[in-house]
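Chemist: Model the placement of chain Z on the given structure of chain H, informed by the hints.
As given, the protein sequences belong to chains H and Z, one line each in that order.
Counting from 1, position 334 in the first sequence corresponds to residue 334 in the numbering used here; the numbering is continuous, with no gaps.
One gets the numbering used here by counting positions in the second sequence from 1 and adding 357 to each.
Hints were generated in silico from the structure; no laboratory data involved.
A couple of the hints might just be wrong.
Here are the simulated DMTMM-like pairs of lysine to aspartate or glutamate, each with C-alpha atoms no more than 20 Å apart in a straight line [unchecked claim]:
1. H/305 <-> H/330
2. Z/649 <-> Z/624
3. Z/383 <-> H/316
4. H/27 <-> Z/673
5. Z/379 <-> H/18
6. Z/648 <-> Z/666
7. Z/572 <-> H/106
8. H/27 <-> Z/375
9. H/22 <-> Z/376
10. H/26 <-> Z/375
11. Z/611 <-> Z/375
12. Z/680 <-> Z/666
Owing to the predicted nature of the structure, the values given are computational and were not obtained by experimental measurement.
Protein chains: 2
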Amino acid sequence: MKKIYFTPGPSELYFTVEDHIKTALKKGVPSISHRSSQFKSIYSETVEGIRQLLNLPENYYIGFTSSANEVWERILQNLVVNKSTHLVNGAFSNKFYEFATLMGKDATKIEADYGQCIDPKTVSLDPDTELLAITHNETSSGANQTLDDIKSLREMYPDQLLALDVVSSAPSYPIDYSMVDTAYFSVQKCFGLPAGLGVWIYNDRCLEKNSQIQKTNSTGTYHRLSHLHEMGLKNQNPETPNVLGIYLLGEVVKDMLRKGQETIWRETQYKSSLLYHNLENHSLFTPFVKKKEWRSNTTLVFECKNPSEVIEKLSEKNMIIGKGYGKYADSQIRIANFPTHSKEQVELLVDILLSLN
Amino acid sequence: MKKIYFTPGPSELYFTVEDHIKTALKKGVPSISHRSSQFKSIYSETVEGIRQLLNLPENYYIGFTSSANEVWERILQNLVVNKSTHLVNGAFSNKFYEFATLMGKDATKIEADYGQCIDPKTVSLDPDTELLAITHNETSSGANQTLDDIKSLREMYPDQLLALDVVSSAPSYPIDYSMVDTAYFSVQKCFGLPAGLGVWIYNDRCLEKNSQIQKTNSTGTYHRLSHLHEMGLKNQNPETPNVLGIYLLGEVVKDMLRKGQETIWRETQYKSSLLYHNLENHSLFTPFVKKKEWRSNTTLVFECKNPSEVIEKLSEKNMIIGKGYGKYADSQIRIANFPTHSKEQVELLVDILLSLN
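Looking at chain H on its own, in the form it has when it is part of the complex (with noise of 0.2 Å):
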């Protein structure tokens, strides 16, 4: 029997993505030139297809990185000056701050205890804070940070640019990239791809303000903002990119738009549900967020006593689950619930918990 890969990232591949690459070999896209009429009709498809599916609004861009930590630092590249400031509840979070200190930014953060979320009433920003950064959710903690409190930080801070990691939440939540400037994923989550492949998301703020910073500070090189959006409005990118990534990128995204959002969404609610409450009655686990709506439904995080014995058990099943992220390693579990696992497979899934004592 298959492996089933439960783990936060790499993940399961989704469903279709063996026959993707099966296909792709076929066409020869790894061998077709970055600059030709075939790669641009690639691009052009992924990007339209991420910008239904996201629902993107009109004035919304998107650009190809290798990773979401690329990300993290293009934007503190090209979108800050000096002062960031950073929502900070676990270690990624944690991690786009010390990319700020590391670059020598003035940066400050507002921290929550691990699987928590930032009450946004207890945020107030210095006046000369340019980027916000929020995590919706948080991949180590498995906290999620609710829509509502990103609008609510949207309206409290409407003139700074706001930075929200959806790497992996998207797009498994009905978010309205509207509510900030700058979002970002890597495809390994929720869209069950290979890793090697970062989605920039940014807007017609992020371009104005990357084009004031360009008259005095170096943004960068290749992937200097302005020029990975004037190749990308050419269905191109600076450097030869991940062709075969983009590329399967836009065959799954299709996949989930036929599929449909909100089936996406309904799905992931419901498996969701039925993993929280059936773990919730075991004697063996305990939801790590204790608070119920930051309870993320792609990530979701259990304390248990002996998460190897949970993990080897279950790894005699053939179904891979993670360990706790750091320190959290000898007393958590981490589960993905992303748009490739079926209801079926979480339904295996949580049988076999079940039978754990």
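Modeler: For chain Z alone, kept in the frame of chain H given last:
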């Protein structure tokens, strides 16, 4: 009949790649964690394989980036405070120079005409030059700086860091990497892999210089050399890398080691001679690089009257070659001669080219 790509990158996949992709999918390689022991083994095998294939000295290390473009940026960020000098004889060597100016460095270029190489005797560096950038094989013009020239430059400048672009020459030439301090390539050229992975080779002098620079300057974030190196020693990347790409590179390198470096060098030379010899005597084609010792064995550039017609006629026979770079699109063709291209395929290509008139 399947197309054969003789384009100078992306190009024909190495002939074993399709099978390795199938095996990777069976093994679940795209789904495994980038912190797992399974990934660490893949990483370590790939690195060890490259070391062996390229005969890297002990004190040389390997880091994985997303492209050679990224390596240009990282070299400038991590190894140069102020001053770099660039030997420029085509589009790609010039782009590295442009990157340096975009990053606010005091960059100098020493130029040769398109299709020529730089005579080491004409190179005179300011004593405060920190890094000298050399391009072994200019993919745009097909001019190849001789290995003896590079050796001379090393002897002339023992104190500067020497960076060597081997994007379209490794592993097809017997390069002695101890002549330089850092070198880099992307995998979609001679290695015949899907684009989206860059390989950065650096020695301990680079690490030393980087450690000095870090005391006063920002050297980036996730791919700052010190961090890339530190994670590399643990057989990991800082971010989730192109796991599938690293796996495939490792497998192709094993195949190449089985074939043997010397066989690859010899076959490259043989196929290259076959192409130059036959086309030189053909009325339609003239080798663009006049001086024989500068003619590339891996990216062969010919002047011809009507490149589109030649390209079109070859395409009808499922042979895909490249057009001239940039403004030479209407007066040149480019033919890749990479390890995946068999003698038989090259003979077939020559036969078709000879039949044109």
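Chemist: To test your reading of the hints: which numbers does this structure violate?
Modeler: The structure conflicts with hint 6 only, although it agrees with all the remaining ones.
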